[in-house]
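Protein chains in written order, with full-length UniProt numbering: chain A, 1 to 217; chain Z, 1 to 255.
Just so you know, these hints were derived from the structure itself, not from any lab. This one's a predicted model, so the numbers in the text were calculated from it and none came from an experiment. One or more of the hints may lead you astray.
Derived lysine-lysine pairs resembling DSSO-like cross-links, with alpha carbons at most 27 angstroms apart [unchecked claim]:
#1 A:LYS114 x Z:LYS75
#2 Z:LYS83 x A:LYS45
#3 Z:LYS78 x A:LYS45
Below, each chain spelled out in residue letters.
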Amino acid sequence: MDFTIIIEALPLLLKATLVTIGLALVSIVIALILGFFTALARISKMKLLKIIGTIYVSMFRGTPLLVQIFVIYFGLPQINISLDPIPSGILALSLNAGAYLSESFRASILAVEKGQMEAAVSMGMTYGEAMRRIILPQSIRIAIPTLSNTYIILIKDTSLVSVITVTELLQMSTLIIAKTFEPLTIYLVAAVLYWIVITFFTVILDRFEKRTSRHLA
Amino acid sequence: MEVIKLQNIKKSFNENIVLKDINLTVNKSEVVVIMGPSGSGKSTLLRCVTFLEEPDGGIIKLGEQEVTAGSQMNKQRKNDIRKLRQNTGFVFQQFNLFPHKTALENVMEGPMIIKKIAREKAKQKAITLLKKVGLADRMDHYPAQLSGGQQQRVAIARALSMEPMVMLYDEPTSALDPELVREVLQVMKELAKEGMTMIVVTHEMAFAKDAADRVIFMDDGLIIEEGSSYEIFNNPKEDRTKRFLQDVSEEIVLE
Ligand SMILES: Nc1ncnc2c1ncn2[C@@H]1O[C@H](COP(=O)(O)OP(=O)(O)O)[C@@H](O)[C@H]1O
Ligand SMILES: [Mg+2]
Numbered sequence: 001m002d003f004t005i006i007i008e009a010l011p012l013l014l015k016a017t018l019v020t021i022g023l024a025l026v027s028i029v030i031a032l033i034l035g036f037f038t039a040l041a042r043i044s045k046m047k048l049l050k051i052i053g054t055i056y057v058s059m060f061r062g063t064p065l066l067v068q069i070f071v072i073y074f075g076l077p078q079i080n081i082s083l084d085p086i087p088s089g090i091l092a093l094s095l096n097a098g099a100y101l102s103e104s105f106r107a108s109i110l111a112v113e114k115g116q117m118e119a120a121v122s123m124g125m126t127y128g129e130a131m132r133r134i135i136l137p138q139s140i141r142i143a144i145p146t147l148s149n150t151y152i153i154l155i156k157d158t159s160l161v162s163v164i165t166v167t168e169l170l171q172m173s174t175l176i177i178a179k180t181f182e183p184l185t186i187y188l189v190a191a192v193l194y195w196i197v198i199t200f201f202t203v204i205l206d207r208f209e210k211r212t213s214r215h216l217a
Numbered sequence: 001m002e003v004i005k006l007q008n009i010k011k012s013f014n015e016n017i018v019l020k021d022i023n024l025t026v027n028k029s030e031v032v033v034i035m036g037p038s039g040s041g042k043s044t045l046l047r048c049v050t051f052l053e054e055p056d057g058g059i060i061k062l063g064e065q066e067v068t069a070g071s072q073m074n075k076q077r078k079n080d081i082r083k084l085r086q087n088t089g090f091v092f093q094q095f096n097l098f099p100h101k102t103a104l105e106n107v108m109e110g111p112m113i114i115k116k117i118a119r120e121k122a123k124q125k126a127i128t129l130l131k132k133v134g135l136a137d138r139m140d141h142y143p144a145q146l147s148g149g150q151q152q153r154v155a156i157a158r159a160l161s162m163e164p165m166v167m168l169y170d171e172p173t174s175a176l177d178p179e180l181v182r183e184v185l186q187v188m189k190e191l192a193k194e195g196m197t198m199i200v201v202t203h204e205m206a207f208a209k210d211a212a213d214r215v216i217f218m219d220d221g222l223i224i225e226e227g228s229s230y231e232i233f234n235n236p237k238e239d240r241t242k243r244f245l246q247d248v249s250e251e252i253v254l255e
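Chain A extracted, bound-state conformation (with noise of 0.2 angstroms):
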């Protein structure tokens, strides 16, 4: 291995990691909100709000994000529907991981035991005010665990949207390698950049769970 190439790369391939963090922390917030809205529509009796949001999660569950990727960069503009290829890039990784965050979302808010909701409603809370007050902040500690996982998952899954021409990590590292003939070096760098960013979040989400779940039995 030349140490020199490493040496040379790494300021590019550092700017490609921002890149790379940047996509999925953007990704997340709206898969986020996305997530939360549509488990609530999946739980609302509503049955047109349910009947939207399950087919969502259907669709964004039960196709390969890749083809979602292609369909969004290469197919929308059919339609005349053009989005340059960070923002096509986050539109898929955050619709993608927005399905499965209603999945944990609704999971945990049905995990929520039914005496909660019967308990505030009891007191004279409107539904509104029992789901903000009572029953969210105790099933947003239930998620937790597998939120962390989603945003782990998606920080990986961003290295798709190379195939866009996303200059993030493994674009960049490809684009270096065209250069330098150096693919195990760069490849390999690549992959401790990707394992640093990974393993620091996770400890921070780590804390961050056990944190908030300090006072449950």
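We have chain A; now place chain Z with the ligands onto it with these hints.
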């Protein structure tokens, strides 16, 4: 003066007729104890009073308010039911405290969120209530850090925080270890003495003897017999009541 009046309450779950035709009036400051075998519909009756279960038919009157069961749900009706619930304190067998909130926060929640009372004022009120149920030194504990008896006393304080016109208790001591039953019953007796109107589903005969103005015996979705605790315990008229009392006293002997 009547506080709560249930008229012709009926409730079925699918084919299972659980409440056949319940009529019950409770006056101000009256303590009514409901007894009856398991599955006779006692919990369902209490839950119907606050529409945790919607009765199939009947009328529930609380103070000046009257809510008719079984009609279509709309905004006005939702508000009526909410108002009814604000005026009834419900105490569950399993306490159902909010596990992510301290004892104090549990008791502040209703006044703050539902009655929109300022935090500081709600806090003072909650402190007073927790002192009243003997938990002044446990206010900052989370439910998981409290014994069952303490949790149930917090739950009573939480129900009282809404200043209800009537308290409903569904077997409040059934989930407790025997040595913790007394402290909860003590708080309930105290409230009864202060004039709180209460409907209590319980099999605690001693509580009924001490505190009940009236004992109701339910079986199979019907009120079979009612009277003073003395009448019901010493001179039951109906066979079913006799049999039930026999069973309950045998259980006590066995313990
Ligand atoms: N949510 C429900 N769905 C279906 N059946 C129910 C439900 N709640 C109660 N029941 C039935 O109603 C009957 C009376 O139950 P319950 O009111 O809990 O009796 P009790 O409190 O006197 O033991 C039982 O047969 C029970 O199975
Ligand atoms: Mg019961």
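Hints and how they fare:
1. A:LYS114 x Z:LYS75: Holds, at about 24 angstroms.
2. Z:LYS83 x A:LYS45: holds (23 angstroms)
3. Z:LYS78 x A:LYS45: Holds - the C-alpha atoms of LYS45 (chain A) and LYS78 (chain Z) are around 15 angstroms apart, at most 27 angstroms.
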